[in-house]
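Colleague: Protein chains in written order, with the working numbering: chain A, 1 to 338; chain B, 1 to 333.
The set of hints was computed from the structure by calculation and includes no laboratory data. Some hints could be false.
Claimed, not checked - Derived DSS-like pairs (lysine-lysine); straight-line CA-CA distance at most 27 Å:
#  : chain 1 : residue 1 : chain 2 : residue 2
1  : B       : K179      : B       : K69
2  : B       : K205      : A       : K284
3  : A       : K211      : B       : K279
4  : A       : K211      : B       : K276
5  : B       : K153      : A       : K28
6  : B       : K179      : B       : K86
7  : A       : K153      : B       : K279
8  : A       : K284      : B       : K153
9  : A       : K153      : B       : K276
10 : A       : K284      : B       : K69
11 : B       : K52       : B       : K15
12 : B       : K92       : B       : K205
13 : A       : K28       : A       : K71
14 : A       : K281      : B       : K209
15 : B       : K209      : B       : K319
To be verified - Covered stretches of chain B (chain A as the covering partner; in silico rule of three or more C-beta atoms under 8 Å from a C-beta of chain A):
#  : region
16 : 127-135
17 : 159-167
18 : 195-203
19 : 217-229
20 : 245-253
Using N, Cα and C, we set each Cβ at its ideal position, and we do this for glycine too.
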Amino acid sequence: MNENKSKNLPPLIKTENLSVHYPLRNTKLFGPPPVVRAVEGVDIQIEAGSFFGLVGESGSGKTTLGRALLKAAPITHGTIEYNDGEKKFNIDNISKADLIEYRKRAQLIFQDPYAALSPRMTVRDIIAEPLEVMGITKTREETDARVREIASKCRISLEHLRRFPHAFSGGQRQRISIARALVSNPKFVVADESVAALDVSIQADVLNLLKEIQREMGLAFLFISHDLSVVAHVCDHVAVMYLGRLVESAPTRDLFAAPRHPYTRALLSAIPSLNPDDRGKAQKLEGEIPSPTNPPPGCKFNTRCPFAIDICKQKEPILEQSDGHGVACHRWQELMNK
Amino acid sequence: MKNLIDVQNLSLKFKTDEGLITAVDNVSFSIAQGEILGLVGESGSGKSVTAKSIMRLNPGNAVYSNDTKVFLNLEGQDPIDIMQLKTAKEMKVARGGAISMIFQEPMASFAPAISIGDQMVEQLLIHTDYNAKQAKKYSIEMLDRVGISDADKRFSQFAFELSGGMRQRAMIAMALSTKPKLLIADEPTTALDVTIQLQVIDLMKDLVKEFGMAILFITHDLGVIAQTADKVAVMYLGKLIEKGEVRDVLRNPSHPYTQGLIDALPRLDNLDAPLKAIKGDIPSPLERPNGCIFHTRCPKDMVTACRNIVPDFTALNPKHEAACHLINKEATS
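I would like the entire structure built from these sequences, with the hints used as guidance.
Modeller: Structure, rendered in structure tokens:
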């Protein structure tokens, strides 16, 4: 990541004012239908070869943002630029031919390894399918060679390639999904809650594998997770979302050493500590995330924020950057000094 | 004082086309009144099956061993062996009477086409002397007690109209409305966001105090255990491998599996610590290892006994024990 910065390479993915809205069915006789503002005015930059974490509670819009970057969600406003040095695309306005090319370079790993793999295909066919669909390899020998190469990288033993997914455990299946995502040699991979369905003893193994692959293949990950402690361990940069907005974005160490947004602090504090003597020390947030069809005016967090004052209810804060650490809160400086 | 619930030698196999599958093997534990016991284990470790055994809720192909005993000790009554209960009428005491259960996914546990309130009233009519009107009034009080605002409005709503956290609160209100002595909570916070999880855990702790009941809290999350339980029992492939007071077990884990689980957790206090996975996968229940159940994944220098002899519990202190051959070996060497 640092290497890229020193060479002044443009970011791999750059969004400006990105919004994704879903219109709902109109229940009123007159007037426009209600709209779910799943993602609203998001600016992010993902550097080539970096591990970018996206956290937030369910309903915060993190999955939608990940999908929009892959052109798998409708982009309502804003721009997404992709630039890997060889190819440059405007994802929000991409031609069909370019989209096919982009699909080779941007891939997705799903949450549930039990639902993501076809039970009727062998592991070899599952991993080979993207190569065949995208026409990346020309002959069967070439395909097989590529499948074997990626399988060994993902620590799938070669005799397993002939078997069907039902024969594998959750961790092994997730390694198969990872192999499938990486077989087209992408530059950018969205991993959406990719370890959430795994047991802790297996989770660490899959995380280590992702990290290893990212370093080896030099690709960039957008790692979507609700688990801040996992994100802390694998990501270089973390962005926190709340109700479709980016509320904080910073290098991992800065964010965890000195979280600026009250929401980030509450999230960190709510992670159950392994120390039984920490009972009752967590900062409890009241209430729940509001509905995205009817977000509160002003700062979207004001309904649950223990520090909300009048301005928070009237004016939406913008993401302020200082020392590479962005935060959208009217009172963050004041609260940091407390 | 007698324990509220005493599970002795619980062993359970499932009859399947592929033969008998051992789900729980010789598990014993007890819970005193007002105590929270955390049962930890990964998927497939048999923790839910163990919990369901206490209410005899396992499916018809479950075969309990002959020496399985589950004693329920209610004040002023002779102990009841739940395994000996026969008719549905007798079983009422274990199912919703003295014992209630809440599940991981509240959306799947509420009937979708019956309002929350009607479901609460229904069980009150079965288990208490309330008439319909009293049952409704009491249900609304309970919904209010668990922090659901506009409880009288929520009473007539359906499960899909509530958010995840709200549904779990309603589930808790429903489980507690019959004033059970033991609440079995099977992964009650796993489907919830951390901020909501914290609210639900606090609520459950308050209710334990208020109602003086015991909780069997099942989870895979050691952090949640650390913040809620008094005692903890760790399960792996149908066997208990370590149990004790929560501080002893978490600070001085003595079974290699417990140690591995703790090391595999990403810690926020040290971001540089590498994540340590436990090698290998959980074996299939069809191929249960001989000897110590964990020996196929154990990172320690094992002795021959690990592969051949099932280890007994060794006491580390009067309230903390672990089933590992290496404890004695390390103590003598």
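Colleague: Each hint: holds or not?
Modeller: Now the hints, each set against the structure:
no.	hint	in the structure
1	B:K179 / B:K69	holds (24 Å)
2	B:K205 / A:K284	holds (14 Å)
3	A:K211 / B:K279	holds (17 Å)
4	A:K211 / B:K276	holds (13 Å)
5	B:K153 / A:K28	holds (23 Å)
6	B:K179 / B:K86	holds (23 Å)
7	A:K153 / B:K279	holds (17 Å)
8	A:K284 / B:K153	holds (26 Å)
9	A:K153 / B:K276	holds (19 Å)
10	A:K284 / B:K69	violated (41 Å)
11	B:K52 / B:K15	holds (17 Å)
12	B:K92 / B:K205	holds (26 Å)
13	A:K28 / A:K71	violated (31 Å)
14	A:K281 / B:K209	holds (19 Å)
15	B:K209 / B:K319	holds (23 Å)
16	127-135	violated (count 0)
17	159-167	holds (count 4)
18	195-203	holds (count 7)
19	217-229	holds (count 7)
20	245-253	holds (count 3)
Comparing the model with each numbered hint stated earlier shows that hints 10, 13, 16 do not hold.
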